[in-house]
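Undergrad: Starting from the known structure of chain A, fit chain B onto it as the hints suggest.
Number of protein chains: 2
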Amino acid sequence: MTEIEIRVGLKPGMADPEGANVQKALRLLGFDSVGAVASARCYRVTLELPETEALAEAERMCRHLLANPVVHDYSITVAE
Amino acid sequence: MTEIEIRVGLKPGMADPEGANVQKALRLLGFDSVGAVASARCYRVTLELPETEALAEAERMCRHLLANPVVHDYSITVAE
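For the protein sequence lines, the chains are A and B, in the order given.
Going left to right, the first sequence walks through residues 1 to 80 as my numbering numbers them.
Going left to right, the second sequence walks through residues 101 to 180 as my numbering numbers them.
Chain A with its partners taken away, still in its complex shape (with noise of 0.2 Å):
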């Protein structure tokens, strides 16, 4: 059994409105060092496999279902 993370973001420059608004929410409570923000969808998945089939098929999860390719970047690892 695996505990995967899958992390799936927005490629560089697409519109990200979540993202600045939390930005602006910050600054406003004085958060000043603040730059940007980036949001991203995270997913902790459980597989009945091996690691590294695990996140082979982690792999094929995201280019089926939890990513579009045409606005997302994603990213597998092994959850600690």
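By construction, these hints were calculated from the structure, which means they are not laboratory data.
Positions of the beta carbon are idealized from the N, C-alpha and C atoms, including for glycine.
Just so you know, not all the hints are guaranteed correct.
[Stated by the list, open to error] Derived Cβ-Cβ restraints for the label pairs, each shown as a range: (1) B:MET114 - A:LEU65: 20 to 30 Å; (2) A:GLU53 - B:PRO169: 32 to 42 Å; (3) A:THR52 - B:ALA125: 31 to 41 Å; (4) A:LEU29 - B:VAL170: 16 to 26 Å; (5) B:ALA125 - A:GLU80: 19 to 29 Å; (6) A:ALA20 - B:HIS164: 17 to 27 Å; (7) A:GLU53 - B:PRO150: 25 to 35 Å; (8) B:SER175 - A:GLU53: 19 to 29 Å; (9) B:ALA179 - A:HIS64: 18 to 28 Å.
TA: Quick look at chain B alone, frame taken from chain A:
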């Protein structure tokens, strides 16, 4: 300048309809080894601070804005 990754997930036992729907969709697509799926929001925040101070500032951001302590767990890491 430090890039911080903030992950805001749901506390155990909180309803996670997005995670449940992703799980259902993956199984319908034939990913039979999928067990639990938990969704989370992630924020990549750039801070004009050295690493230690940036981590402390991110902790404050979570407490003041990004996470609701009633329903959310969060984790903060320095992004690679």
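Undergrad: Each hint needs a verdict: does it hold in this structure or not?
TA: Hint check:
1. Range check, MET114 of chain B to LEU65 of chain A: Cβ separation about 23 Å, and the 20 to 30 Å hint holds.
2. For GLU53 of chain A and PRO169 of chain B, the hinted distance range of 32 to 42 Å is satisfied, since their beta carbons lie about 37 Å from each other.
3. The beta-carbon spacing between THR52 of chain A and ALA125 of chain B, approximately 24 Å, falls outside the hinted interval of 31 to 41 Å.
4. For LEU29 of chain A and VAL170 of chain B, the hinted distance range of 16 to 26 Å is satisfied, since their beta carbons lie about 19 Å from each other.
5. In this structure, ALA125 of chain B and GLU80 of chain A meet the distance hint of 19 to 29 Å, their C-beta atoms being roughly 26 Å apart.
6. Checked against the given bound of 17 to 27 Å, the beta carbons of ALA20 of chain A and HIS164 of chain B, roughly 18 Å apart, stay inside it.
7. A beta carbon spacing of about 40 Å between GLU53 of chain A and PRO150 of chain B contradicts the range 25 to 35 Å that was offered as a hint.
8. In this structure the hint that SER175 of chain B and GLU53 of chain A lie 19 to 29 Å apart at CB holds, the actual value being about 26 Å.
9. One distance hint, 18 to 28 Å for the beta-carbon pair ALA179 of chain B and HIS64 of chain A, holds here, with the actual separation near 27 Å.
Hint violations for this structure: numbers 3 and 7, all remaining hints satisfied.
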